[in-house]
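S.K.: Here are the chains, one letter per residue:
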Amino acid sequence: MSFTLGQIAEKIGAELAGDPDLEIKKLASIETAGPGELSYIASKKFKKYISTSKASALIVPPKLKTDGLNLILADDPNLSFAKAMRMFYASFPKVEPGVNPSAVIAESAQIGDECFIGPNAVIDSGAKIGAGTEIHAGVSIGSDVVIGDNCKLFQNVTVCYKTIIGNNVVIFPNAVIGSDGFGYARVAEGHLKIPQAGIVVIGDNTEIGAGTTIDRATLGETVIEKNVIIDNLVQIAHNCKVGEGSIICAQAGLAGSTIVGKNVILAGQVGVAGHLTIGDGAIIEAQSGIATDIPSGSVQFGSPSREAYQAHKITALLGRLPDYIQRLKKIEKYIDKMK
Amino acid sequence: MSFTLGQIAEKIGAELAGDPDLEIKKLASIETAGPGELSYIASKKFKKYISTSKASALIVPPKLKTDGLNLILADDPNLSFAKAMRMFYASFPKVEPGVNPSAVIAESAQIGDECFIGPNAVIDSGAKIGAGTEIHAGVSIGSDVVIGDNCKLFQNVTVCYKTIIGNNVVIFPNAVIGSDGFGYARVAEGHLKIPQAGIVVIGDNTEIGAGTTIDRATLGETVIEKNVIIDNLVQIAHNCKVGEGSIICAQAGLAGSTIVGKNVILAGQVGVAGHLTIGDGAIIEAQSGIATDIPSGSVQFGSPSREAYQAHKITALLGRLPDYIQRLKKIEKYIDKMK
Amino acid sequence: MSFTLGQIAEKIGAELAGDPDLEIKKLASIETAGPGELSYIASKKFKKYISTSKASALIVPPKLKTDGLNLILADDPNLSFAKAMRMFYASFPKVEPGVNPSAVIAESAQIGDECFIGPNAVIDSGAKIGAGTEIHAGVSIGSDVVIGDNCKLFQNVTVCYKTIIGNNVVIFPNAVIGSDGFGYARVAEGHLKIPQAGIVVIGDNTEIGAGTTIDRATLGETVIEKNVIIDNLVQIAHNCKVGEGSIICAQAGLAGSTIVGKNVILAGQVGVAGHLTIGDGAIIEAQSGIATDIPSGSVQFGSPSREAYQAHKITALLGRLPDYIQRLKKIEKYIDKMK
Numbered sequence: 001m002s003f004t005l006g007q008i009a010e011k012i013g014a015e016l017a018g019d020p021d022l023e024i025k026k027l028a029s030i031e032t033a034g035p036g037e038l039s040y041i042a043s044k045k046f047k048k049y050i051s052t053s054k055a056s057a058l059i060v061p062p063k064l065k066t067d068g069l070n071l072i073l074a075d076d077p078n079l080s081f082a083k084a085m086r087m088f089y090a091s092f093p094k095v096e097p098g099v100n101p102s103a104v105i106a107e108s109a110q111i112g113d114e115c116f117i118g119p120n121a122v123i124d125s126g127a128k129i130g131a132g133t134e135i136h137a138g139v140s141i142g143s144d145v146v147i148g149d150n151c152k153l154f155q156n157v158t159v160c161y162k163t164i165i166g167n168n169v170v171i172f173p174n175a176v177i178g179s180d181g182f183g184y185a186r187v188a189e190g191h192l193k194i195p196q197a198g199i200v201v202i203g204d205n206t207e208i209g210a211g212t213t214i215d216r217a218t219l220g221e222t223v224i225e226k227n228v229i230i231d232n233l234v235q236i237a238h239n240c241k242v243g244e245g246s247i248i249c250a251q252a253g254l255a256g257s258t259i260v261g262k263n264v265i266l267a268g269q270v271g272v273a274g275h276l277t278i279g280d281g282a283i284i285e286a287q288s289g290i291a292t293d294i295p296s297g298s299v300q301f302g303s304p305s306r307e308a309y310q311a312h313k314i315t316a317l318l319g320r321l322p323d324y325i326q327r328l329k330k331i332e333k334y335i336d337k338m339k
Numbered sequence: 001m002s003f004t005l006g007q008i009a010e011k012i013g014a015e016l017a018g019d020p021d022l023e024i025k026k027l028a029s030i031e032t033a034g035p036g037e038l039s040y041i042a043s044k045k046f047k048k049y050i051s052t053s054k055a056s057a058l059i060v061p062p063k064l065k066t067d068g069l070n071l072i073l074a075d076d077p078n079l080s081f082a083k084a085m086r087m088f089y090a091s092f093p094k095v096e097p098g099v100n101p102s103a104v105i106a107e108s109a110q111i112g113d114e115c116f117i118g119p120n121a122v123i124d125s126g127a128k129i130g131a132g133t134e135i136h137a138g139v140s141i142g143s144d145v146v147i148g149d150n151c152k153l154f155q156n157v158t159v160c161y162k163t164i165i166g167n168n169v170v171i172f173p174n175a176v177i178g179s180d181g182f183g184y185a186r187v188a189e190g191h192l193k194i195p196q197a198g199i200v201v202i203g204d205n206t207e208i209g210a211g212t213t214i215d216r217a218t219l220g221e222t223v224i225e226k227n228v229i230i231d232n233l234v235q236i237a238h239n240c241k242v243g244e245g246s247i248i249c250a251q252a253g254l255a256g257s258t259i260v261g262k263n264v265i266l267a268g269q270v271g272v273a274g275h276l277t278i279g280d281g282a283i284i285e286a287q288s289g290i291a292t293d294i295p296s297g298s299v300q301f302g303s304p305s306r307e308a309y310q311a312h313k314i315t316a317l318l319g320r321l322p323d324y325i326q327r328l329k330k331i332e333k334y335i336d337k338m339k
Numbered sequence: 001m002s003f004t005l006g007q008i009a010e011k012i013g014a015e016l017a018g019d020p021d022l023e024i025k026k027l028a029s030i031e032t033a034g035p036g037e038l039s040y041i042a043s044k045k046f047k048k049y050i051s052t053s054k055a056s057a058l059i060v061p062p063k064l065k066t067d068g069l070n071l072i073l074a075d076d077p078n079l080s081f082a083k084a085m086r087m088f089y090a091s092f093p094k095v096e097p098g099v100n101p102s103a104v105i106a107e108s109a110q111i112g113d114e115c116f117i118g119p120n121a122v123i124d125s126g127a128k129i130g131a132g133t134e135i136h137a138g139v140s141i142g143s144d145v146v147i148g149d150n151c152k153l154f155q156n157v158t159v160c161y162k163t164i165i166g167n168n169v170v171i172f173p174n175a176v177i178g179s180d181g182f183g184y185a186r187v188a189e190g191h192l193k194i195p196q197a198g199i200v201v202i203g204d205n206t207e208i209g210a211g212t213t214i215d216r217a218t219l220g221e222t223v224i225e226k227n228v229i230i231d232n233l234v235q236i237a238h239n240c241k242v243g244e245g246s247i248i249c250a251q252a253g254l255a256g257s258t259i260v261g262k263n264v265i266l267a268g269q270v271g272v273a274g275h276l277t278i279g280d281g282a283i284i285e286a287q288s289g290i291a292t293d294i295p296s297g298s299v300q301f302g303s304p305s306r307e308a309y310q311a312h313k314i315t316a317l318l319g320r321l322p323d324y325i326q327r328l329k330k331i332e333k334y335i336d337k338m339k
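Going line by line, the protein sequences match chains W, Z and L.
Numbering (the numbering used here) for the first sequence: 1 to 339.
Numbering (the numbering used here) for the second sequence: 1 to 339.
Numbering (the numbering used here) for the third sequence: 1 to 339.
Note that these hints are calculated values from the structure, not bench results.
One or more of the hints may lead you astray.
Claimed, not checked - Simulated crosslink set (DSBU-like; lysine-lysine; CA at most 35 Å straight-line):
1) K241/W x K162/W
2) K162/L x K44/W
3) K262/W x K54/Z
4) K26/Z x K226/W
5) K226/W x K45/Z
6) K339/W x K329/Z
7) K226/Z x K54/L
8) K329/L x K313/W
9) K63/W x K25/W
10) K226/L x K48/W
11) K63/Z x K193/W
12) K193/Z x K162/L
13) K313/L x K337/Z
Please model the complete structure; the sequences and the hints are all you need to start from.
M.R.: In structure tokens, the structure reads:
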């Protein structure tokens, strides 16, 4: 597959500054791009490549416009490159609809039109699978699960009973949706299990990473709203709610009953304690530990977290702490002599 | 299913303060409870709901007794609500005993009475499965594994060869029990694998979360004693021992050969270094990193951890560090002028 | 199986100091070793056992040579014990080559000689499996995956389409190789998925732990070079490269496009931000958060990390911070009185 630079600029809705007929055969990262390839520069860190890249063309912000280069000028080069990626590549490999004979499907399960049910997949009684949905090899769908249209559940995913999944949801391999929440009451002889009688509800267009676990509610629902993206090995405990458009990066974890607002970003390895509220648009930096409610729009860092500007200031001061302590001791000596 | 408030109070062994004939149709969380529903208040944070909740009845501590409300008075409302949950809901959906024809069971494996062996489950040679145990879809049981009675191994769990599992153990989806410990010796050409010749032994009544990994010992046993509860995505390395009644929350990790005492709590994302001992009843707060032996009953926080009261004091002082540094500089200036 | 102490010393290439005809029936850890058993002392922490151990023989460093004991003297007792372990124990249980009839193998897949394809394994179209490779129960191999010779992929592993795996690679249960990278561009209605059109390439002799996830590149390759060992529940994001001989401990995570050099050690729960370079031989201590490039040979600790000697010094000073703040306040009072 190939496109001209002009075709690409037009399709992604950005301004061409160069040869419209230049043939682009491939897309490539800025470090490796060569002749016939289109790449992009989205941040200052990569600005130097404008003069050194061997790419035939680049998507760059308008301020990097340079005579003699074949460029596409875009306010958001990252987004424009994403659109170009979607011209060249499908998001997922195509699979032919059909039910593999090795799949085990309960009689009472309902499978929509044009579904793909892969080898050794298991679909339990009462489950409903929407049209065009793909259930890949080794996936286990529990009883009474409802899955919408055009979803993709990749290999060895487990979806436990009664989970409700919207349309266009993607779940990557070995993720577990709807396992029991971690609920027990202490008794003399150990721990009394609290039945986890609730469910998980996943909104439309959500993507859930490999190995991620989302637990069913004790009562009611654990909710992932629409347009949420969740990376690999994330833990979401019972009764949590993650608001529309939020991003949860790898290995982050939410304890029980915590409410994450809309368009929140939890960076990698963040931990959030239970029964808290994180306001809309908050950004929690990597490895932070959230122990209190966080207001909308706040940027947080540290364990326990503080406003990020303050946390970073303290981090910087800590680097000079040995010096400050020396200075304190020097003052003490001076004063001792004065006495 | 419904019960009267009187029936519930009697069954859970708590004092009724209200209409014994009030019909309770459902249980609900305090934030959402409405007419016909019973909820509970277990901590100060939720005390306000006593006047605002639309629940028909509440389980509360005796000191919240209020005239005109239908209440159950309980010293441990959390435990009492757990008991009520168990009146209304089963801990797990019932499955019919039987062996699904798609399961692959080695001839030499022994399956107890009334077992459920789900679709596409695999049971290898020499494995023994106790009476009433459920092996769900896609579970893989290695050779010579021994599993007790009335266990539930949910979908896509892997149990490696020779693992020994007690009675009434629950293992949630995609957990891995008995995979090789991370043992290598450094050699010029890379890493020489140390055979992991030991096993994992899991005690009675233990619950193990989704995606959790517990590694086999190099020699001898990795031991999880009885009544331990382990949350999702926890890592337990080779040769560790976790004592009776302990709680390990999500994404915590133990390095090799560490001994966790009885009734210890490791909160979420805690990490414990290798060859350490954590004393009975210790509590390790979330995200802490344990780098030394911890005495019984100690409460720890931080990475590396300290006694929690000290760690929290230091955290508070750090918030004022920029101010203290300013004050130090002011003193320096004053003294400079004096000289 | 048993060997004489003399046979063991000869085979592992270390000096015998004791009875060459002593029969060793088993190996054991130093804490539990008894009569007929060989153990080892590799660090100061275990030195005390030289006088208290009931083991019949010990591998110890030359400086611990003690008259009257049966010893093997070795400069690296850990390595020597590893070699002894390999005399007594196989690294993995043997499996008989053959294809289980329940496995689902696409017609266009190529299976090498003497392979083991376990129950309910799935091998998709165009995949190539090298000679002597074991694909255990429930493993799913995607389309066009290439796997070398003598690999072992344990139960319920998922390998996504087009992944390339070298020779002698071991992948432990429920790991996921080649799932989509976490790449999206922000748009008004949510997140625009960026197709993850690259692949994962795994070098020879690499071992990958249970539940670990390694994502495919956006473009090009996510690369794990040869002789790398990766523990359980590790996350490696798209476009990362991990250099030859490196060690990544449990629950560590790399964000996208980060380059880890050769012979690097990332300890447990370490997090590394994206687009960074960690130099050869660097050691990142447990739970550290790496936010900048790290030079070769550097030892780092903390979140965000510093050179470890400085980080540990600051940690120690923090323990005395309450005292230093008191001393600061005392000076202020003294000066106030002077004014």
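S.K.: Hints numbered earlier in the text: which of these fail when held up against the supplied structure?
M.R.: No numbers; nothing is violated.
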